[in-house]
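Asker: Listed below, chain by chain, are the residues.
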Amino acid sequence: MKRIFYSLLIPLLFFSACKVSWVPQYSAQLEERIANCAKANERLYLDMLDADDTARSYTHYKDRYNDIQSEISAIRLANEARKNNAEFIIINKNLSEAFAEAKNYHKSHHILSNGEIKAYQQSIAAFWRPLYFAEKGLKGD
Amino acid sequence: MNIDINEVIKDMVNAMKGSFSKDWHLVKDTAEVFFTTRKERLESLANSLLEKEISPEFFLKRTEDEKKILESELAAIQLISKAAAERAANAAIEVFQKAVQTALGAII
Numbered sequence: 001m002k003r004i005f006y007s008l009l010i011p012l013l014f015f016s017a018c019k020v021s022w023v024p025q026y027s028a029q030l031e032e033r034i035a036n037c038a039k040a041n042e043r044l045y046l047d048m049l050d051a052d053d054t055a056r057s058y059t060h061y062k063d064r065y066n067d068i069q070s071e072i073s074a075i076r077l078a079n080e081a082r083k084n085n086a087e088f089i090i091i092n093k094n095l096s097e098a099f100a101e102a103k104n105y106h107k108s109h110h111i112l113s114n115g116e117i118k119a120y121q122q123s124i125a126a127f128w129r130p131l132y133f134a135e136k137g138l139k140g141d
Numbered sequence: 001m002n003i004d005i006n007e008v009i010k011d012m013v014n015a016m017k018g019s020f021s022k023d024w025h026l027v028k029d030t031a032e033v034f035f036t037t038r039k040e041r042l043e044s045l046a047n048s049l050l051e052k053e054i055s056p057e058f059f060l061k062r063t064e065d066e067k068k069i070l071e072s073e074l075a076a077i078q079l080i081s082k083a084a085a086e087r088a089a090n091a092a093i094e095v096f097q098k099a100v101q102t103a104l105g106a107i108i
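Top line first, the protein sequences correspond to chains W and A. Counting from 1, one number per residue, gives the positions in the first sequence under the working numbering. Counting from 1, one number per residue, gives the positions in the second sequence under the working numbering.
Source of the hints: derived by calculation from the structure; they are not laboratory data. There may be inaccurate statements among the hints.
[Unchecked claim] Cut-off 30 angstroms, straight-line C-alpha distance, at most; resulting in silico cross-link-like pairs (DSS-like, lysine-lysine):
1. A:K52 with W:K136
2. W:K139 with W:K62
3. A:K39 with W:K83
[Unchecked claim] Cβ-Cβ distance ranges computed for the label pairs, FRET-style:
4. A:E40 with W:T59: 30 to 36 angstroms
5. W:N36 with A:K10: 29 to 35 angstroms
6. A:V33 with W:A28: 27 to 33 angstroms
7. W:Y105 with A:D29: 31 to 37 angstroms
8. W:D50 with A:K22: 38 to 44 angstroms
9. W:Q25 with A:L50: 22 to 28 angstroms
Note that this is a predicted model, so its numbers are computed, not measured. Using N, Cα and C, we set each Cβ at its ideal position, and we do this for glycine too.
So that you can see chain W by itself, here it is in the shape it has in the complex:
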């Protein structure tokens, strides 16, 4: 019995790629895109904080908002195409929705106060953080 078992098992192990796959494969390109977009997002809010009221209106930042939003969509699309992507779908969705809300708030209120800018800076960064750490976590140590 043992002989039959081993004679079946060995070729199977030998010829099959016997690895488990529970998470997506790490992507250095995606990690870089996430880091760069998070940086652009942070820079958006830092520049707003430095600006006075006359330079804080939504129209001043419209293009930058749209650049960041389209890159968030592109990252989300890349994650949707990956295998074993359930967690990334959740993280990307939350980030997309949070950023859209922040952009629309600024658009409807025209100008943001210091407090509002700081709050958005911190909360949006908090939505980026799990995405970045998750990607890095795929790489391991």
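Starting from the known structure of chain W, arrange chain A on it as the hints suggest.
Answerer: Then chain A, alone, in the frame of chain W:
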């Protein structure tokens, strides 16, 4: 063919332990970062409300965000844990494959 299956299993378990102990700090450190940054964020938000830099309605919206942030953080920790488990499992499988290949090599 001579495979000491007990020895192989022992080696597999050690391979898993070794792999997982390297990765455990990754899970722990990530959770700590999330916790620390949440604390800082909530303190800042509370101060902004007290200083009247933000309205109570805006404050409530940002605290609502915290639910979604937590959801994302838990998803990230789940993914990092799964990745660590995957590496540990594959390390064990590799040990088994090598043992079988070695035994095969001894026969041929």
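Asker: Please name the hints from earlier in the document that this structure breaks, with their numbers sorted from lowest to highest.
Answerer: Numbers 1, 2, 3, 5, 6 and 9 - these are the hints that the structure violates, sorted from lowest upward.
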